[in-house]
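Please construct the entire structure, taking both the sequences and the accompanying hints into account.
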Amino acid sequence: MDFQAFIFCGKGYKLSPFSHIREESGIPKALLPVANRHMIEYVLDWCDQANFKEINIVADASEVDVIREALKTYLSVREAQFELLAKSLPSHHSHHTRKPAPVNFIEAKSEFTGEILQKVLFDKITGDFVLLPCDFITDIPPQVFIDQYRNKDSDNLAMAVYYKNTFENIDKKQLPSFYHVYSDNEDSIKQPVLLDVYSNEDVERSKDLQIRTQMLWRFPNAIVSKKLLNSFIYFCCHDLVELLSKEDDSKSTSEGDSIDSEDENAVLNQQMETHPSHIRRKNKLAKDPINCNKSIAKIFRDLARRTWQHTKTRESIGIFILPNVGAFIRSNNLSAYMEANRYVLRIKSSSMATQTAPTTGSAIGADSVVGVNCTIAEKTSVKLSVLGKDCKIGKRCRIIGSLILDGAEIEDETTLENVIIGNFAKIGKRSKLTNSYVEGSYIVNPKSVLKNETLTHIYLEETDFTDDALSTSDEGDSSEFTDEYYEEDEFEDDGLFER
Amino acid sequence: MPPRKGKVANKSANGGKGNEAVQDERLQAIVMTDSFQTRFMPLTSVMPRCLLPLANVPLIEYTLEFLAKAGASEVYLVCASHADQVNEYLENSKWNLPWSPFKVSTIMSLESRSVGDAMRDIDNRGIITGDFILVSGDLVTNMEFDKALEFHRKKKAEDKDHIVTMCLSKATQFFRTRSHEPAAFILDKSNDKCLYYQDIPFASSKKKSSVAIDPELLEDVDEFVIRNDLIDCHVDICSPHVPPIFQENFDYQFLRRDFVKGVLSSDLLKKSIYAYITDDYAARAESWQTYDAISQDFIARWCYPLVLNSNLLEDQTYSYESQHIYKERDVVLAQSCKIGKHTAIGSGSKIGEGTFIENSVIGKNCQIGENIIIKNSYIWDDSVILDNSMIEHSIVASGVKIGRNVTLEDGCVIGFNVTVDDGKTIPNGTRISELPVQKMPSPFLDDGSYTDEEDISDREQKHLIEPATDLVGEGGTGYIYESDYSDIDDEDSILDRVTNTLTYRIENLYFSDDSTSSASTKHRKRRTMSTTSMTTDREAEDGLEEEDEDFEKEAIATVERAMENNHDLDTALLELNTLRMSMNVTYHEVRSATVAALLRRVYHFIATQTLGPKDAVAKVFGQWGMLFKRQAFDADEFVDLMDLILEKVSKQNFEKPEFILFSALNCLYDRDILDEDVIYQWWDGVSQDPELEKVKTLTAKWVEWLKNADEESEEEESDESESDEN
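In the order they appear, the protein sequences are chains A and B. When the count follows UniProt numbering, it moves up by one through the first sequence with no breaks and lands on 499 for the last residue. When the count follows UniProt numbering, it moves up by one through the second sequence with no breaks and lands on 726 for the last residue.
Incorrect hints may appear among the rest.
[Stated by the list, open to error] Restricting the straight-line Cα-Cα distance to at most 30 Å, the calculated cross-link-like pairs of lysine-lysine (DSBU-like) are:
hint	chain 1	residue 1	chain 2	residue 2
1	B	Lys170	A	Lys152
2	A	Lys392	A	Lys72
3	B	Lys170	A	Lys226
4	A	Lys164	B	Lys170
5	B	Lys189	A	Lys172
6	B	Lys193	A	Lys164
[To be verified] Under 8 Å between C-beta atoms, here's a sample of chain A residues computed to sit facing chain B:
hint	residue
7	Val203
8	Ile211
9	Arg212
10	Leu216
11	Trp217
12	Pro220
13	Ala222
14	Ile223
15	Lys226
16	Lys227
Everything labelled a hint here was simulated from the structure, so no lab data went into it. C-beta: ideal position from N, C-alpha, C; glycine also.
In structure tokens form, the structure reads like this:
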């Protein structure tokens, strides 16, 4: 069972101002450094453990070239490592080594991940496949996931992987909050299945969490969790392609300008009315129209709802909740990003006892990483922090639990605590920053004292940022590329009930 | 140090004793013998549900057996309809013998029309002393109650607001003994605390419906389960707080739909309910269908150790044979008759030649003729069935005579003492009773949820119903019973009924009952209790004057209750406000009623010599005067309030009215409810009625004094300010 892996490089709406959302200063989310390596490299490493058949990196057209360029070194090193290993092994062991899976880059241009999946990727999919985000770091080996997937029930279309946050330091407010409904299938031999997802905002808007009674009759022991987080890892069966791909005959007309999702909805609805599902059924799969112009997470939610919405049972979506013994973190918001850095640092510090300090008189903790070409002046201490390359740190600075990206300059006697400093930003003398974010190339005046703030440039076209230094970071952007469920009022008339 | 050691030992011993004392607390049990439903009609028009035999044992015995095993020490049976029969039965039963494991007594609550009414009645009687078990009289279970009680006590120690533990039994969503009113329990996954309760439509219901949960209820909960696979057989362990809650919420009728839901979604109450989930057998015989299912389960020994051959009744002599056949002594079986599996036959019964019986229960002293087929049926005591008849999946009550060559098709219910003539065929799902059972006349139906087991024979004359001679034949007696809801049944409930039974057993198709949730949830006007009730619409029409009077009565009662039970002010205010709005009266009436109630209380204290006049006024007005703060809002209204006090004081026949008035006003003044300006304003415009002169004497002095003091203090103040300036 060889999987094709697709790594979706999101835009990182919640990692603003460091992600590519800020076009002038940001870098693509996949390339944001975690302990001085690109975020996506951790994912690639994980994939290599899994022996996937091929690895595809799916990114927006504006980013794909940058990512390809940036990963060149990594890929060549990977290649070289393999060669070295292959050479050093005795020839009769050579069958143990596998050539690293080819890495392809796929350019996609669409608003919704679901649309990308349907339009761009389905042609390339030949068997079972895995969808991955570009931002996770875990110590759970892929084999665990694969085994779980292989144990699935025969009527399972896909397995969605969920995790619970085990890191205390992540700001809970920044974590997306959803009501995930799933069933353990405690009393049957079946594996747990995902049933439904509601976003907190939806629930608050409608004042109630509405659980359909139809679902309760089919799954009488449903569990609702507010703590589950979507890992955006989906192990999918090839059948899914068949189910979700468009039927050429009926829809080729609307295919042309399919960006217009409303149009398509109308077509779909019309189709619903005219043909009841039992006519439309092809092969063994009941083909229910599922609108793919939304995020993948929502497509899977719709697939999950499909398991109980119909009189006849449909294929289910499995759910795999990662055990708490393993660490799993996704850098999909600033707080988690910072924590991911620290997580890697902690692993490093426990594996490496000592580290040499570049300059005398300053103290750099073993739990820190310093990039090449950094200058650190005397009497500066760095703890549990990451310094990118070409950073300049002045005298008597204290840097604790912070993340300083490439080329930043920190002047003398500055204290940084729990801060992310963007590329080439400059912090003036004797500043004191706590729990703040400074965008790339931003210059902080000397003697500034800042707490809980995000410093960004003002661009003329961005009217939201009227105040030059003050814009709160914790208001979550609801339209994140990879894993947001777009708010919707589909519940009232989703039209999928046939009884 | 020996003494210390001794102390410690002593202490621990004491502690142990203390614990034991708590553990040994008397366990009371309340049994609702009336179901307040009409599901077992027409049989329940003659006999209460709890005395109907299930596998030849009256239903109540199962419940009492369960309570005996649970260790209850006092059992109260709440009887509404046919109370005399229940009473009589109990008096002659083994539970009334000196060695009975508990003391059993009946509570005549003839007025009750719902569980809520019965609970209020219990509260009024004040018999509850501690935690108690609340069960219905139709429960069949082998549940290990100790564990449930342990769970209850544990949760109670953890959560002081814990008031009810519901014992629920695990099944699947379509289990056949599941309640006719399916419901979803929303439980906290970590501790089984019930967060919400919602009754839901049947699986077959066409309606799109959903369980709507207020996110506020879920705020502190990480994970919760929504369970639709539990059998709710209404076994609750309640704390003594429960009956007063029914009292306070006089509109609560149903235990689950009103009470549990109400408690859980109340912001004020802040009480919690837990669910104990057991794997043991538990079910309620609450409809023909569950009756059938439970009988089968019971015969098939699912409820072990509660089985038929444990001979629950004194005079029973059942013995058990393989294939689940039970026979009592003195059963006469003809040589060629065949007794199939899952069958019980009571003593004194005679089975004729060539008769075949399977999956059935035959009562005592039945005469079953020759070549009869009885399948899946329940024949109660003293019935006679003549040759060549066929009975399938039906119930034949006691004293029935069925002629030759009679066929009872699937799902018939033959009532007590009915006679069916030879050669008749009774079609599917027919119910026949000996006497015509009158449906409630509709105004009655509108008036409240009523009991099934209502004796209505006196209305017989009004609506004569033709005997069903077509069915029972010339020589037979019997009347057809039409279900109450036949005319108001909407399409949905019929569908519910049919498909619902279908899901359990195909042969149950017509063996259903009218009680579907949709029918019983119809909003009927609710009957209300005398002390707590609001007037109904009818009364409201009778004119304003009466309404006012009624309001006054109700409001006074409300305030008095608040004082007696020491409610907090907010609750009392809330109740008053509800009352005010529902009757559409002004604050003037509210004040008037409150003043009257407070003064009555004062009078009561003085009259019973509990407190002296001064203390009485101080106590009552000190504590409850604050009510006025939310009943009067501007100067004029306060003046009105004082007028009211004056008027009511003079009317209340106090010994020293002038003193009472003065103390009351002074008390309110001290608590900043009245301020000087208002008092002066009132005094200037006070009524000059000569009758009131005497009452006002002390107050006049008081106002004088106030004025002086005011001036003085003003002077002082101005002095001070002057000195400050200097």
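Here's how the hints hold up against the structure:
no.: 1; hint: B:Lys170 x A:Lys152; in the structure: holds (26 Å)
no.: 2; hint: A:Lys392 x A:Lys72; in the structure: holds (27 Å)
no.: 3; hint: B:Lys170 x A:Lys226; in the structure: holds (25 Å)
no.: 4; hint: A:Lys164 x B:Lys170; in the structure: holds (29 Å)
no.: 5; hint: B:Lys189 x A:Lys172; in the structure: holds (21 Å)
no.: 6; hint: B:Lys193 x A:Lys164; in the structure: holds (22 Å)
no.: 7; hint: Val203; in the structure: holds (5 Å)
no.: 8; hint: Ile211; in the structure: holds (4 Å)
no.: 9; hint: Arg212; in the structure: holds (5 Å)
no.: 10; hint: Leu216; in the structure: holds (4 Å)
no.: 11; hint: Trp217; in the structure: holds (4 Å)
no.: 12; hint: Pro220; in the structure: holds (4 Å)
no.: 13; hint: Ala222; in the structure: holds (5 Å)
no.: 14; hint: Ile223; in the structure: holds (5 Å)
no.: 15; hint: Lys226; in the structure: holds (6 Å)
no.: 16; hint: Lys227; in the structure: holds (5 Å)
Hint check: no violations occur; every hint is consistent with the structure.
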